[in-house]
Each structure stands twice: as C-alpha cells, then as structure tokens.
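One line per chain: the protein sequences are A and B, in this order.
Here our numbering is used: the first residue of the first sequence is 130, the next is one more, and so on.
Here our numbering is used: the first residue of the second sequence is 82, the next is one more, and so on.
You can trust all of the hints, since none of them are fake.
Pairs of lysine-lysine residues, derived as DSS-like cross-links and limited to a Cα-Cα distance of at most 25 Å, are as follows:
id : chain 1 : residue 1 : chain 2 : residue 2
1  : B       : 490       : B       : 118
2  : B       : 215       : B       : 239
3  : A       : 325       : B       : 104
4  : B       : 586       : B       : 564
5  : B       : 705       : B       : 104
6  : B       : 528       : B       : 720
7  : A       : 325       : B       : 683
8  : B       : 548       : A       : 325
9  : B       : 705       : B       : 720
10 : A       : 325       : B       : 705
11 : B       : 389       : B       : 483
12 : B       : 483       : B       : 460
13 : B       : 501       : B       : 351
14 : B       : 100       : A       : 325
Stretch-level coverage of chain B by chain A, calculated; a stretch enters the list once three of its residues show a Cβ under 8 Å from a Cβ in chain A:
id : region
15 : 101-114
16 : 124-135
17 : 139-145
18 : 156-164
19 : 539-550
20 : 691-701
Don't read these hints as lab results, they were simulated from the structure.
Bear in mind the structure is a predicted one, so any value in this text is a computation, not a measurement.
Think of the CB as a built atom: it goes at the ideal place given N, C-alpha and C, for glycine as much as any other residue.
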Amino acid sequence: MPETSNYFLYIDPTRCTGCKACEIACAVEHSLSKNIYGAVLETPKPRPRVSVIPVDEIRVPMQCRHCEDAPCMAICPTKALYRSENGFVVVDEMKCIGCRMCVVACPFGHPAFDYERKIVLKCDGCTERVSEGKVPACVEACPTGALIFGTLDEIMAKIRKERVAPFLYEAVKLVPGEEKKLPPVKIESPLSTLLKMYDSVRWY
Amino acid sequence: MAVIKESKKNSKIEYLLRKVPAKDVSITPGVAELIEKAERDGVETVWHRFLAQQPQCGFGLLGICCRNCNLGPCRIDPFGYGPTRGVCGATADTIVARNLIRMIAGGAAAHSDHGREVAHVFHLVAHGKVKGYKITDTEKLIAVAKRYGIPTENRKPKDIAKDLAEIIFNDFGKQDEEPLATTEAYAPESRKRVWIKLGVMPRNIDREIVEIMHRTHIGVDADPLNLLLQGVRAAIADGFGGSLIATELQDIMFGTPKPVKSEANLGVLKEDTVNIIVHGHVPVLSEKIVEAATSKEAQKLAEEAGAKGVTIAGMCCTGNEVLMRRGIPPAGNFLMQELAVATGAVEAMIVDYQCLMPSLPDVAACYHTKIITTMPIAKIPGAVHMEFSPEKADEVAMEIVKTAIENFKNRVPAKMYIPKDKMDLVAGFSLEAIVSALGGTLKPLLKLLRDGTIKGIAGIVGCNNAKVIHNNSHVTITKELIKNDILVVGTGCWAIAAAMHGLLKPEAAELAGDGLRKVCESLGIPPCLHMGSCVDCTRILNAISAIAEALNVDTPDLPVVGSAPEWMSEKAVSIGTYFLAHGVFVHLGTIPPVLGSPTVTKILTDDVERYLGGKFYVEPDPVKAARTMIDVIEEKRRKLRWPY
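Chain B with its partners taken away, still in its complex shape (with noise of 0.2 Å):
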C-alpha cells in the first residue's frame, strides 16, 4: 500500500506524487526501468515534469499570448468571445506570425552560433594559432575552396584555409546586400532562382537574425505574410549559412564521416569502468575529450583509481558527432540524458551547449555524477563548471578527463543499475561516404530512383518530445517507410533512436521492401543512413541539391519528403523552414503554435508550395503520417513520369 508522506517542503514530494506510467512513455529499451528506478531513488525526470505542467496553456499551444512589449502581456481569445486584437493592435495573424519567426531566429541563432564557433577555431587553425586542431581532410578543403571560388591549384592547404575562413568570417557580419557567399556557392541555380524572386536570399547570417528581432518589435511589421519570409529568409542563412557552415569546416578539421560500425543505447556504460558522458552539440571540445579520454595516460590513471579503464558515450548531437568520426557509442537521446544519470553509473557527463536539461545538476546530486559545462555561454546552476577555449583545448580536456576519473571512488554500487540493452549499428554516412559506397558517382543511385527500385528518400531528423511516445513515431515512421522502399536518411535524435531500435545495422534490411532491400544487401548498408547530427541537416540539403542537379530539375519536383516526427526546439523550427525552401514536403509530428491564426496556418500548410514548392504538413499519428509521405512520394514520382 502506497504511503503518501507528509512534507514540510512539499513542492519536491508533489511532483514525485505524480508517478509516470514508465512504461507507456517509451518503447526504446531500458528506459522504463530507468524511470522506475529515478522514481525510487526521488529524482524527477523530464515525464514527471511534463505531468506537473498540465494543463499547458492553451493560449502558448495556439501561439496567440504575445509578450513583446510592455503592453501586454496580450491574448486572443481563439475561441472568438473575447479581444481580438492586443492592446497595440495586433491580430491573432500578426502575433503568431511574429512568435513562429521569433522561434526561427532562436533556432537559427543557435545552429549559426555554433557555425561561428567552429568558423573562429578554423580561423586559428589556418593562421597557425592553435596546437589542438589541424587540417585533417585536404580533400575536403579542396573540395570546399572550389565551391567558394577559391584558387586550389599549387596552394598549402593552409593558405587555402586562410582564403576560406575568411570568406567565411565575411558571411557572418558583412554589410552589402550580395547573397551569402555560402549560400551561392552551394544552393542550385533553381533553387536561388526561386530565393531572389521571392526576395528571401540571406545576405548576411547574423543581420536575418537581427532583422526579426526588429521585424517583431511592437509596431514594426505587421504583415504575416511578410513577416513569415523574413523567417524563411534566416532559415535559409541557417541552412545554407551557418549549420552548413558548421558541418564542412568540422568536417575538414576532424575529418570527414566514413562508415563506422558501434553500439547504442544505455546499455553502452559499463559497470567495471570510468563512465564519462559527452553531451551538447558542438564536437570542437568532445573530440579533445574522446583524444583524452582514449589516451594511454588516461587508461593507466583509471586502472590506479580501480576501474578497468574509461567508457566514454555521447548524448544528444555531440553523440552523434563523436560517433561518425570516431565510432564512440550514444548513451541515448534528448529524452534520455536525465536516465544517463540516474543509471548511477556516470563520473562526470560533460556538456557544451543546446539541448541540456537544467535539471541535470539535481539529478547528478542523488548520485556521485558530476555535470561539467564547458562553455562560457551555457554554465548550469550547480554544475562544475570547467572553461574551454580552443588555446588550451588539450589542457583542459585532460583536466575534465582526470576529474572524471577522480570521481570514480565516490561511485556508490548500491545505487547502480545499468539496463543491458544495447544494438548494434553502422553510421558515419556523410553525402561523400555516400557517393563513395555507390562507386564515386550519384549516377547508381538516380537509376534506382528512376527505375523504382527506391522510390524515394525520406530525411528524418529532430528531436524528442515528451508529448508524444518517446521514439514511437521516429521508429514507426522509418519502418513504415522503409517497407515501401524509400531510402530514409537523418539526423540528430532520430539517429539516435534508430540505432537503437536496430534500424541502423545492415540486417534492418529485412524489414525494407524488396527493392530497397536488395539495394542494401548488395551495397552491405542498411536502409536507414545515418548522416550525423542537427547541424549536419545540410548534408541532407546538399544531398538534395547534387541528385536535383544530376537529373536537372527543380528540387520540389524530386520523390522527396521531410520529417520531423518528435520535434521540440526551435532549431527544428529552423530547420523545417530550410527543407520548406528548398522545396522539400515537410511532416511536423508535434504541432507548432501557430493554430490560433487560420491564415498562418494555410500559409504555412497549402499557399507557400505554390511560392516554394514544399509546405508543412502536421500529423501526430506516425502511422498516417508514413501514409501521407509515401503518397506524395507516388504523386512526384507520377509527374516526372517514372513508375510508381
């Protein structure tokens, strides 16, 4: 019989009063037992979270509360009894409008950011500045350099590099009104065709940025319509700005993703072991943690302090990252980082930024866990914070590495349980894995397509959501698609759950159809091609591009569809809008806010594939979802009369 205690401080006690039904929140293994055990131990997670916050405000679900002036706070009443208007005078159009680009100007901040970062140690790296890093895939610059116009022939690599970083540097704070340079020199001709007319070319990745914070001022625009391009407009400085940014320099510095088998899912920590969790989204650090973790120093220091060497696993994108270049294995996904913890069985988990929960300090104190933020802009109340800056990265690395070590005599056994599930799986499918797989050129891959041996490809990519089924719809939607023989590639969470539902191991080609699952079988991959993390989205834009080009048509006129079946964070907003731009039908499995404007919504699900030839398409239930995707699959693919 259950006792229900009574508290002096009972805020803690009512949350956990709230018991989650652990296992329907999850069909990935071992999560259900871990929620059980948090349960026990009186730590809350991210469910329990979830049900102390319901209901959710009605209004913040419809996107029509507007706090962007003093004003307010204003709200449209969506039921049409109360105001229509805010106290400035906005309609329920204007402010969901304003509030759906505001979330694309976080998402693209974000993802950009992170370009910059990545753009400033590429910097130091061709000047000569730094010790750390170094130009590990001339190919790759090379190939990068031509794009951008760069002379190649006869040059260092460095003096190369020097060129490109600062084109690059260029594209972030340049002031004319000439496209991006990344933009020009990677987006199709069509494609930019379409850009200019609409007026929607970035010029410059930080200035779209800045230009909704202006744009959604009070009393500035107040045009939905106009107001959604500009949104339009930073995505694509996003997508072919600063996330692509992003995945090419990091491509160039740490190599480029070749094929690489691993495990995944929790199971992946081990009990005899130093277990440091590498978490966040940008590989400049954990690529210097893996070094550290991996080096001999550090495998005899583990051995003095008792363990049997050091596990390191990733969490979230920084997983993914770490996971295509060096095969590290992912803990788990977005969902998953509070369990990583609770598992009782993690020295230190080290974080640079997007996606952490700030929860994690609490969680790490019911056990011997340190969290350690890395990054002068994501510093977490109750964490160890250790700065790292590209000078000292080895140092520093080391450092984190030897705390983690240290911590392994506060490991308390009797709090430990690590669940045993783990799957195997092959990642590292970067668009030039790809290409090499097929033989060196597309052309293989665009016969299958146009014979109907594969019928089209899906990019999955996005979060996790703790509305909906943790990794239900990620995994029904791939096995769905992947039974109709599309090809289904993706990112970021996704990636993660796929692997570890065995959707990333060649013998996942048995629950393909016969088409695509001869393909695999001959080519020895698995259906699903796991092609990094969010900001690696672009490989998937890029991917898109080169099969556009090779067939010399217009992307939306491709058998191409987007997902994003369990989405949360605004860079997935961001990234919605790029597919959108570039033409691509785009799912959303969880609903954006934006229903409490009708005309938003229609904009957004029906007008805009006249403009840009994809538009979002929102369903929940993965199964009719696939359905959908699979149908306009078909349609494309009837128009360009190939067989269907």
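Same shape as in the complex, but just chain A (with noise of 0.2 Å):
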C-alpha cells in the first residue's frame, strides 16, 4: 500500500474573501466537458461539491476531509462509499441507493443530494486529477492561496516554520529579564476588518 492519506488539503480561512471560484471550478471539473463554457449548456447541470461557508465574518470553504476512519464509508449499507488509491472518500455513483446515512454520518456536515438524480454528492478530492499529478480543482482556481494542496508532511514544515518564526525573532531580540511581548496570533485582513464593521447592525 503506498501512502494513501498522506495527501493534505489545508485551508486558512482568514485569506479566504468568499468569492466562490472554488465553487464554480468544482462544477466544471465534475462536469462533462471540464469548461466552464461547454458546463453551464449541460444537462443536468454541474453541481460544486465544495461550499463556501459564512460563520460570522470568516468564510471557509468546505471540502470533504477524507477522514482515516470515515463514519460515512463505515455507515454506507451498499458500500457506495470507498477509499480511492491515492486515499480520498469517494462515492461509487451505481451503488448509491440515496438513503443519505452518510449525511447524517458526517461530523461536518459534507454530503449533499443531488434531488435530480436521487444519489450523494461528495468531494472526491479530484482523484482523477491528483493522480495525473495535478491539485484538485479548487486548490488551483483560490485566487488567494486559501487552499493549499500537498503532503502533509510538506504542508506542516511550511506552517510550523510560518507559525514558529514570529515567536523566534521575539526571543532572539529577549533581552534576559526584559518582559516578553506575545507576537499576534492573527493577522488582520482588510475583509475581515470590513465584515467586522457590521457587527453591530447585521441581522444575518
């Protein structure tokens, strides 16, 4: 078995701007002509697997996780569900029977039905592409680099190096006894600043 799980999908919600190309570029890739021309002239219609999800003012586009112990592929009467070569979740479409289990399953709420053609719709972490070496579909289409697509063991070393140096340069410039000022943990986006703005007299 090679390693399935190590392919990671990291995403950071605070360079997310909710503009939903990711959404748009999971359709096309799940349609039959895989451009965005030729998808919206299509019956039935593409549908995104991803969904950007707003929760106050982050935005955070949500894919399957293709967890290691899966409560959808554990609960799936038909076996419909199974783990893809490269280890992503995937939905054999013919097995389906549409008893949505694994709607109820999942812990994040992931799987949608598609009510024109009575099965489940999940993320399949575009096996198809990962294999011929390419990112998923919506990895490529984030303007902002919110996604970010590797093993991850490449990913951690990037973050941890990322999370660790603000803390490093504090401490090399510690002069001992001197009081040790916290770095800030969460950089303020010009969006997030602009959400903000409406807490006090949203309603959604």
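Hints given; two lone chains; assemble the complex.
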C-alpha cells in the first residue's frame, strides 16, 4: 500500500474572500465538458461539491476531510463509499441508493443530496486529477491561496516554520529579564475588518 | 415540527428553506408580520435572497475585481500573496478608482436622465405641445429664470419657459468647454473658484458621464487621483445639473411643495377600497395617475366594482414626490416594495423607473396584483406594460387606473392581510416653504444657528440596504442628532423611514434637545424636515449655498454634515460625492467597495478634505456615527467662534 492518506488539503480561512471561485471550478471539474462554457449548457447541470460557508466574518471553503476512520464509509449500507488509491473517500454512483445515512453521519455536514439524480454528492478530492499529478480544481482556482494542497509533511513543515518564526524573532530580540511580548496571533485582513464593521447592525 | 418537502424543481424551495429572522431584520412596525406572511405564502423577499447570496464575494466587496475588458476578469489578491496587477497591468488603486467612478457615472446618468425626461416635458409645455401639463408655479419659474439671467420683466410665462428650456437642453448637449449654465446659476462663488482650480467644473451633463466611460476603458486613465477627480466632476454635473434641473422643473410644472399632512406605513392601504401604489422616481406619470385615481369617474367605477373608492399610496421616491405635492401617503420605502404586494390588497403597482425590484412580478404572481411598467426604458418580465408618453398622459393614466379597478374583483380576501400600523406626518418642506415658515427670510435660522439654539444641520439621505437592520440606522442617527439640537433635513428612503417612525410629526419635537424643541414648538414644525425625493437632495445643496452666502463663508466652514446611513444605489454614490464637492462631511453607513485600495480609501476619507473641504466617513454603527457627526459640527462651530 502506498502512503494513501498523506495527501492533505489545508484551509486558511483568513485568506478566503468568499468569492466562490472554488465552487465554480469544482462544478466544472465534475461536468462532462470540463470547461466553464460547456458546463453551463449541460443537463443535468454540474454541481459543486465544495461550498463556502460564512461564519460571522469568517468564510470557510469546506470540502470533504477524507477522514481516516470515515463515518460515512462505515455507515454506508451498500458500500457505495470507498477509498480511492490515493486515499480519498469517493462515492460509487452506481451503488448509491440515496439513503443519506452518510449525510447524517458526517461530522462536518459535508455530503449533499442531488435531488435530480437521487444520489449523494461528495468531494472526491479530484482523485483523477491528483493521480495525474495535478492539484484539486478548487485549490487551482483559489485566487488568494486560501487552499493549499500537498502531502501532510510538506505542508506542515511550511506551516510550522511560519508559525514559529514570530516567536523566534521575538525570542532572539529578548534581553534577559525583559518582559516577553506576545507576537500577533491573527493577521488582520482588509476583508475581516470590513465585515467586522457591520457587527453592531447586522441581522444575518 | 418542520417538514422539509422534497421537490422536483428544488431551486425555489431551497430559497424558502432559508427562513428570515423576521423580527430581527427591521425595526419598522408591520414588516416582520408581512415577511412571515410572505414565507407562509411561499413568496421570497429581498431578505431571503440576501441570505441566499451569502457569503458575498470579497473581491466585489473590496472593489478589486475588474471586468472592463476581455483580458479579464481580473482580481487583485487583497492579502498580497497573489496577483497585484490585472492582466493589463492595472493595480488595485486603478481598479478601485475606475470601479468607483463608474458607479458615479451610473448614478449621475440615472438622475440626469430623469432630469432630461422632465426637461423634455417642460419643453413641450413651453411650446404648448401637450395638454396634460402646465406651468403651475409661475413665481418659481420667474425665480429660476432670474438665476439663469433670463429677462423676466413684462414677459409671458410661456416665453420665459421657452428660453429656460433652451438653456437647460443646452446643458445636456453643448460641446464647448464653458461650465454648465445650471452650475453657474446655482453654485456659490466660493465653490466655483475651488472647482475651477481643481479642474472639476462640469461642462456638459452627458459629457462628464461619457468621459468616465472613456477614462475607465482599458488603457486610458490609470491615475487614481485623476480618475476620482472626474468622478467629482460628473457628480457636480448631477447635483448642480441633472438632479437640480429635475427638482426645479418639477416644482414649476407640478407646484413647489408646501407643508402637507399625511400618513405613512403599510397601514395606509385599505381593506375595502381599490388600492393603487405608485412606485419609482419620476412624478411626470404619477401626478397624472393621482389625478385620474382621485377623479369622480374613477371613484364611480370603483363603486360599481364593489369597492368603497380608490386609495392611492406611494412607494420609494415617486411616493415622496406625490406626498410632497399632493399629500398622498407613502406605504413604505425601498425594502418594503415586495411586502406591499404581499399584503394581497394591492390591485396595481404602477412603476416608472429606478429602484424597482425585478422580482416584483414573481411576488405579484402569488396574489392578484398587477405590476404595470410604464416606461420604455424599464420593462420587467412578467409585468404588464402600458407605455406612457407625455402627449397621451391623461388617457394612459385613466386606462391604468381602470385596469386596477377591474382587477379588484380578482382579490382573494383569504390571502389578504394589511398591518394596522401607520403614522402621522408633515412633509413638503421645500426650501421655499422653509423660508416662508421663517417669515420670508433665512435670517431667523442664521440667528438660531449662530447663538447655538440649533447647533447645526444634518442632511440625511439615501436608500435601504439589506446588509443592515432595515431603517434602524436612519432612525437611530436621526434621534441622536435631534437630541443634540441638530436640525435634520432629508430626502428619499430616509424621509419615509423617519415618517414611519413618527419623526416627521410636530410632536416629535419632544425628542429634540431643548433649543431645537423650542424652535419647533414655536413654528409648529417637526424637528426633521422632509425635503423630497432623492433628486431633491439639490434642495439641501441650495439650502447650504444660501446659508453660506448669507453668512459670507465657504460651505466647508458651516456646521453642516451629511449622512447616507443605509445607502446602496449608484445614485447614492453620486449624491455623496456632490455633497463632498460642496464641502460637506459625509457619513456612509454601509461600506463602499473601495477598501481594496488603501490609496483610494485614504484619498476619499482624508486627503480630499484639503481640496474640497468635505470628506467621507464610514461607520455602520449608527450611535458611533451620530457621535462623530455631532463632534464634527461642534468642531466647525468652534472654528467659527460660535458657542458650541
């Protein structure tokens, strides 16, 4: 067995602007024509598997987390959900009976139901693209780099470095006996500033 | 227990699965009940669609996407990790400035085309080519003609009108570099000097809009400051051009507004009469509709149809126009247009143009209401189109009213619900009416301002926006300001909001500070003055000019502030910009799409003050915003050495 689950999708909500470019790219990737101009003409209309979810002033693109011990796989009565070679949890549309047990079981509320085709829709991690050596469509489409795809080790190495850097710089500058200042934990983006301004008057 | 229905065509149901927290979205009585009714009837409203649009695209919110050419669409990464320039090379600064002034172009175009329509009718009147319209206010005609330098002694009104129409037509289409005749006639000298120095004196109303479209084309103007200056020029061409022409000529033809009593809110609709709503902006048609609907013939027809007469109500700025001149009660402001239909008690909603929700026919399809479009430039799929022209005004108006009356028999009483809420109001405070209430001169007001009885004047204008709690910012800011002895004047959807919350009735003086209260009580006026529709913001401009000239100071020195607490339309961007050009400190309650460029943001909220005297201030929280506006007024009073 290869290191099946080592592919990892890292989400940085501070960089998400909520433009939904990932949603469009996902729908196109799961269309027959695989291009935007053709996809809009297809019947049934291709649907995105990823969705951008607004939580207060934060926006998060949520795909499937492709859990190691996936509750959806465990509960699927027809074993329509299986793990692909590169480690993604994928639905076999022929086997799916539309019972929606996976929808209930998912801790992230990810799977959606396609009322037209009466089957469950979920993120397949763009398993075909990944096996061709490409990144998933949503990652490619994200204009701000809020989605990062790679192996877990690679990504975490980069993130460890990013997170530890401010501490290190502070620590180096620290004079013995001086009080330690905490580095800024969260980067303020123009977008979160903008959305926070509505806090006192928003109803939604 | 809620049962979620599975549907074949799920798109519509998906929307309605989103329930709107009806009690949280608005502070206006009647709104929550009607949203809940709409949901029960399976009708989607603006708030449902707003939820369905969440999250809204961050690039759009920040103003950093550009679709001006087919190299794009391009986006700039606001966080700085991704692209910093579009394909053509435009930076965030260029893109934001270009997008913003295109909004101004849209707003100025809308106002000015309205002005052109009115000017066209006025021209026909002057040449005796229409029967339906006449010169109603000769006094105003003479006053306006004098401003333009047209001889008025011993001349017939029609001849004066011919000359005036000529000059005004010229303002829309002249090709020389001279300033607009209207701007020359109305702007104070001190302002004109500033504008000439900055090169923002408008030359031709249409040209300034065309020039924006030219400059924002790919590969023309890339300098954010230069772009913004053209935006200012187009806005001045609107405020001291198109809009002003609309206001003045409407006054001449339909009468200058005088204080008039009426009522506001959805409770003005009646259960047992034919209900007609006029919605939109231009009074050329709605005046005629009102005439037709209140005629004996219409009342008789209504009685024959089994109704107890015809009730006519306004919506948005057409509502303001007919309220100011004829005391027709407004049923609500922008966000309430669908709710008015959802009462199930409206036979016809007659729309002209601007701020019409394209979803109206969809809502109407659930009831018996007919949406009647009337303008060749504003048709809506699913609506009935009955084309209006000034030449056939009376016939078309009568035909429309008859259609409404015929529709009464289709009303379904089981689907009808009219909230009881309504509120008394006094409207109709044109500048002329204010001056005459003060005894024929502005002097008493100047004295009150100088001694601090009235600390300052705030002009509150603008729309409704589903991003914030409906009417909350309008009402909160207004209450805060009057409590601090600041006289509030305003137009547009603010005016209807203030009316629905009882701020336009003389008794509202109780809510005002001691100084303002005494003034209001002695004159019998409310502490907030309804000055008209959104083109009538020019009445506020003229009031500011008149006060500045009387005091012999420049407009930025006056203790005057402006505010658009819930703005959303491009017209509001243009209005805000011409107030800024007039030297007014302008508060915006919803955030304009400019934050993607720190440079443009700084120019608009800081640097511009050094050149034009006014600047923008953005704050969605109404209490904080009111506090700042009060501080600004006190600061200006301190500089004038007036007691503060």
